[in-house]
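*Asks:* Chain by chain, the residues run as shown.
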Amino acid sequence: MMKRKIEELFIKFLMLVATVIVVGSFFLIVGTIVSKGLPHMSLDMITKTPGGGFYIGKEGGVLNAIIGSLYVAGGATLLGLLISIPVAIYLNMYLSGKNVIANAIRLAFDVLFGIPSIVYGAFGFLIMVYFGIRTSLLGGIIAVTLLVIPILVRTLDEVIRTVPHELRDAALSLGATRWEAAKVVLRQIKPGIFTAILLSFGRAIGDVAAVLFTAGFSDNIPTSLHEPAATLPLAIFFQLSSAVEEVQGRAYASALILTVVVLLITVLSEILVKKFSKHKI
Amino acid sequence: MTQFPHISVQDLNVTIGNHHILKDININIPNKKVTSIIGPSGCGKTTLLKSFNRLLDNGVNAEVTGKVLVDGENIYDPSVEVTHIRKKMGLLSQRPYPLPMSIYDNVAYGPRIHGIRKKADLDQLVEQQLTATGLWNEVKDRLNAPASKLSIGQQQRLCLARGLAVEPEIILGDESTSALDPVSTQIIENLFLELKEKYTIVLVTHILRQARRVSDYIIFVYMGKIIEFGPTEEVLLNPKEELTREYVKGFIS
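Read top to bottom, the protein sequences are chains V and S. One point on numbering: in our numbering, the residue at position 234 of the first sequence is 234, and numbering is uninterrupted. One point on numbering: in our numbering, the residue at position 59 of the second sequence is 59, and numbering is uninterrupted.
Isolated chain V, as found in the complex (with noise of 0.2 Å):
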């Protein structure tokens, strides 16, 4: 049969194309970040805060949104993680038996998944007001969190979801509670909340508009959670908007930054997820 040859050739080269239209496109933005940002690379870009007329092209460096951005992003993730386990385990050990509610819940968190973060800043910054927290590293990660709840809570969901039954009804019909026999399929799921971890801060890193707000910028490293944190994306775009042209490069060193620093985020959360799997069944 010709037709099914040409049609299998066909299917073929369309994935070949999708692919290096991917794969080509990941190069070329990193090239292009290299290529800009490596003659702007400094030792000081990345040990000092911006010194008096950094933003005209004077010395210092973006150490502040570096360690506000870990800040941030580590901050919300792990709140993140402490409110959506719970939600996960709940929607898949609770409800299971009433798979309407669990449903309608999981629908919710699809909803809020879509949601751009520039709503969840302005959320966040009512929140803010409503409190009267100042424009701060806490406000920063409370509209971030609630920006990466929805990407940790469906991820670990679907993770629980590949756990076995029986997994858990071997726990059960041992004589476990049903938090024990949880305990049972998150040992199980730690490889997956890893995956999780690095999904929720790879968003948590690279979003501008939740923190526009909420967590303000600064050129000083934040020493407590009221005080404003600059972030890497705000730092970028802030050098980016500049007309200086030093400045403009220093925008692509910091690119360049960021990353590297999720780059080595998800060679970390690799080596643990490896290394946690190895009493998965």
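Careful: at least some of the hints might be erroneous.
Claimed, not checked - Listed below are the simulated DSSO-like cross-link pairs for lysine-lysine, each with C-alpha atoms no more than 30 Å apart in a straight line:
1) S:Lys249 <-> S:Lys67
2) S:Lys32 <-> V:Lys190
3) V:Lys183 <-> S:Lys140
4) S:Lys33 <-> V:Lys183
5) S:Lys140 <-> V:Lys280
6) V:Lys275 <-> V:Lys183
7) V:Lys278 <-> S:Lys119
8) S:Lys119 <-> V:Lys275
9) V:Lys190 <-> S:Lys118
10) V:Lys280 <-> S:Lys119
11) S:Lys149 <-> V:Lys275
12) S:Lys196 <-> S:Lys33
13) V:Lys275 <-> S:Lys140
Quick caveat, the hints were computed from the structure, so don't treat them as lab data.
Position chain S relative to chain V; hints supplied.
*Replies:* Positioned in the frame of chain V, the structure of chain S alone reads:
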């Protein structure tokens, strides 16, 4: 029935969704014997088995009416502590599902959640149950290795040891050898024969020869109803009911 019934089922009906899975089940499972539940796929034999330790509560909207008395206590009475019921029964599922932890911790898991903490007591229990299931000599040098590293047959014996460690009175087996090779199957079958000295054993099986090899009594279930119940030889060789005869001869499956 001469044996004192360990599990007594009275007018049990189970409905899941719109399916009336078990219909008017009345049965007395004899104490310290092996009883096999046989019947074609989808006839409700696994549901019947799971109704004994209330695992039907999980995952599905099962409606249960009637009584299941274990040691004279109705396990569907709302005041009954479900963990207490399940502790009385060890469950061996179709495929082994070791807990995601070490060999040692698998066996120690049950005793630990029921309050045994002392290392010496746990060590002794682990050795005792692994010996009872014939695993001790195979695993004693790697008790801290992940349970998932064992072969499937070994895993199933580990699951049995894990169940025995909570000192149950009843062992429920849901086609427990269906994923195993012939050698492992034989080991498990022989274990059942040894264990019936101390435990009441209920097995679901679709292998008639296995039912014949290991069981003292047979329950034949068809379309959610118990068609026949009696001593193994009688049910398999000289069935009273036409349906049983057809099933045993392989006419319905």
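*Asks:* Confirm or reject each hint.
*Replies:* Each hint tested on the structure:
no.	hint	in the structure
1	S:Lys249 <-> S:Lys67	33 Å, violated
2	S:Lys32 <-> V:Lys190	41 Å, violated
3	V:Lys183 <-> S:Lys140	27 Å, holds
4	S:Lys33 <-> V:Lys183	35 Å, violated
5	S:Lys140 <-> V:Lys280	21 Å, holds
6	V:Lys275 <-> V:Lys183	18 Å, holds
7	V:Lys278 <-> S:Lys119	23 Å, holds
8	S:Lys119 <-> V:Lys275	26 Å, holds
9	V:Lys190 <-> S:Lys118	27 Å, holds
10	V:Lys280 <-> S:Lys119	24 Å, holds
11	S:Lys149 <-> V:Lys275	15 Å, holds
12	S:Lys196 <-> S:Lys33	6 Å, holds
13	V:Lys275 <-> S:Lys140	24 Å, holds
The structure is inconsistent with the numbered hints 1, 2 and 4, although it conforms to all the rest.
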